[in-house]
Amino acid sequence: MANKTTLNLGSALDIVHVGDLKPRLTTALEKKPHVVLIADKIERADTAGVQLIYSFMQYAKEKDIAVTWQKPSDKLLETVSKLGMSEALGFV
Amino acid sequence: MEIDLSQFHAVFFEESFEGLDVMEQELLNLEEDTDLENVNTIFRAAHSIKGGSATFGFNQVAEFTHVMETLLDEMREGKREITREIIDLLLKSVDCLRGMLNKLQDGDDVNNDYVELVDYFNQLLSNESSDDKQNTPNQNSEEPLSVSNKDDDNSNGGYSIKFVPENYILQTGNEPVRMFKELEGLGTLTVKADLTKVPNFVELDPELCFVSWDMQLDSQESEADIRAVFEWVDDDCLLEVKQLNNSSSNESEKTSDNAKATVSEINSEASTQTKAQTEPLVADSKKLVPIKKEKEAVKSTNKSTSSASIRVGIDKVDTLIDLVGELVITQSMLGELGENFDVSKLEQLVAGLRELESNTRELQESVMRIRMLPIGFVFNRMPRMVRDLSAQLGKNIDLIIKGEDTELDKTVMEQIGDPLTHLVRNAIDHGIESNQQRADNNKQGVGKITLDAYHQGGNIIIEIEDNGGGINPDIIYAKAVEKGLIEEGVEIPEEQIIGLIMEPGFSTAEVVSDVSGRGVGLDVVKRNINNLGGSVDISSVVGRGTKFTIRLPLTLAILDGQLIRCANEIYVIPLASIVESIPLAGIKLTKIAGNMPVYKNGNEYIPIVDLRDEFDIKTEKQSTNEGLIAIVEGENRKIAIKIDELLGQQQVVIKSLESHYKCIQGVSGATILGDGRVSLILDIVGLSRRSADRATAVREKVA
Amino acid sequence: MTRILAVDDSASMRQMVTFTLKSAGFEVVDAEDGVKALAIAKNSKFDVVVTDVNMPNMDGITLCSELRKLPNFKFTPILMLTTESSADKKQAGRAAGATGWIVKPFNPEQLLATVKKVVG
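Residue numbers (the numbering used here), protein chains in the order written: chain A, 1 to 92; chain B, 1 to 703; chain C, 1 to 120.
In short, the hints are calculated from the structure, not lab data. C-beta: ideal position from N, C-alpha, C; glycine also. Be a bit skeptical, because a hint or two may be false.
For the chain B half of the interface with chain A, some residues (derived, Cβ under 10 Å), not all of them [to be verified]:
id : residue
1  : Phe13
2  : Gln171
3  : Asp194
4  : Leu195
5  : Leu204
6  : Asp214
7  : Arg387
Just need the whole structure built from these sequences, with the hints factored in.
Encoded structure:
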């Protein structure tokens, strides 16, 4: 487990929080080759939040860093599905 | 969830009447000075009434205010010149609206008077804004949806939707997830995100949206319904809605769909009708609703009798809360003191009690202040009246209003409105001379009426002053002699002579004019003011003008009283009514017809009222030399009340006798004294009438 | 709980809006013009703002653009209560950052339906 970085997304993956989340994601990339996104607490999610994660995952892929989800909440899954981005975020 | 809108009606009426007052006032200001802010204020008032009346189902009011608003909007935008005719029209509309709202408030039907005004507005609007109309297609193109929808209404259930939002869309609070959810409500939705435009993570501004979407919607709804989901972002996105139907079935679909459209039209009509039933003013549904209407009328009359409300400034309430806070502190301090009291703490106790007294007094004053409103509420009616009347009489009159922030009790204010209006009318009609007369007398400047109000002690003083012809005491004297009010040759001070014009049946105007009304004269004004515990004085200089000075108590809830004792009973006499008191020992009482005891003061006979007889107080007969008489005056009639002792003077809180017991002539109310005893407050006018009746009865018996 | 700031200079409309939203379980704070609303907004967070357009002291459009300057209101849905006739007001509202509008006259059900759209 030592080569993993975990990043807890907290309760809101939305436009209010994307500004703070982006530097945290950047930091996570700098450390370990495997990033785990903890998403069990997410109660709010929106386009901006999901878009940021998508962009992050694309960027990680370029750098050969694996990104995996840990317990994505129902709310997150629902939002991503409504946005037609389930595949893009690796939920399908 | 069913929400009963009628609960908001009372507030709606209240604020609408206030709005109309504001409109009237600003319209009058507009005549002096066409300030754009005035027009804005008028517009806002009309707009609010329109919004409220439409929401609460008063459709005629909404219809009327709508055309007013349109005109006001043109004025506001500078597209329409502000003329006297327009101000006249708007003032008339304010009157009309006031009438409509009054009727609606009472649960009555609105008559169709307003229709004429609406027509007039429409005429005015269509005349000049015809070149405007040519501009309007731009605005109309806002709604191309409904048009295009007609053509495409032949949906067979499939749409493809392309939605490319501008990247700032999220910052307007518009969330695509919300729109997609709504679309799901219309049918089965498949969403595919186009992510090609999402920038590299490092460059991504996470608050902008770079995703766009392609969707398929299986739905029976019309294209317009689908577009409506995106209504708020119309200008902030690229939106394509295409139908996926195959053209072969197009024809048959069309017909069936037309049928459907008719059905849905009928449905929507039906639904407006059901709505109309709860809103009895929709013209179309008149036949349907008479029963309901009656019910509503009953309901609203009930309401209007029970709940008069008052709007209180927050600062006043805050003061009260502060005071109650202080009171609680004092109370707990005293409570603690009482827990383990000993004599050494006496000084603290006295201080505490003093504190309590001051808290209580301040609290009382502040509570009274809640009922206090600025007299501006009454003064503000005047400019309109002066404007209309002076125009009618062809006089140039300026109205000057001062002291409009002076506050007085709401109840007093409600009752002073009419007398004050009468006095101002009187000043316009009889006070200010005609332009011709003024010119003949070489008087400079225009006629001027000044209204002023200020506090003096526990009273409010209201002055109505004009710079007109004044009152000639000689004419009054002659008239008074002619009417038998005074004897020829008796010398009376000038101000008393002038005061005679407020006596019943006294009218000096040569012609009874339309303006001051017939029959209702200054005597009624005086009586109304007296009934409020106030008085009115007149001073006048011939050729220079007349001034009426009204003095009123600030409140009807508290009275400055003189406590008196009669046998074992304590009564309160309103201090303001007491003229003088004289020890019985030093005067001579005489008796006139019917064995009525009177006190002769100069050439005036003042009947003596003995409370023992009036109120049937059972005691031993007092000797005639003990005690004293208090001469009191009410409605210009004096009586002398026989009493045993004058006690202290104090403010008393008036409790209604009528609501707790019943109405008794000669008693205006009751109060509770410091020791807990109930004391009756004497009503001087009632008492003098009562004694006069008794005297007549006695006289008739003798005769 | 979802918090809503309701702004209208008309007491009856304000009461109607507040009462309706409270009945639906929202927490509502009301204000009678833009100035007062802005003062409240500066010290508080809301999930939705519902505001009238024509108001004295500060109108709804100005309020909207002022709110957008506050960090707490950068993305908050702001709904304008507007009359059908004022198409240009809708434009102005949008330009000022309003989310959407509710067309007057509206009934309590319409108000709730619209507000529920944006509280997600």
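Verification of the supplied hints:
1. Taken as an interface hint, B:Phe13 does not check out: its beta carbon lies about 43 Å from the nearest beta carbon of chain A, beyond 10 Å.
2. The criterion of a C-beta within 10 Å of any C-beta in chain A is met by B:Gln171, whose closest approach is roughly 8 Å, and the hint holds.
3. Annotation: interface hint on B:Asp194 holds; nearest CB of chain A at approximately 9 Å, less than 10 Å.
4. Because the smallest distance between the Cβ of B:Leu195 and any Cβ of chain A comes to about 6 Å, under 10 Å, the interface hint for this residue holds.
5. With its C-beta approaching chain A no nearer than about 5 Å, B:Leu204 sits inside the 10 Å limit, and its interface hint holds.
6. With a least beta-carbon distance of about 8 Å to chain A, the hint placing B:Asp214 at the interface is held under the 10 Å criterion.
7. Among the interface hints, the one on B:Arg387 is violated; its C-beta lies about 57 Å from the nearest C-beta in chain A, farther than the 10 Å criterion.
In terms of the numbered hints stated before, the structure departs from hints 1, 7, listed from lowest to highest.
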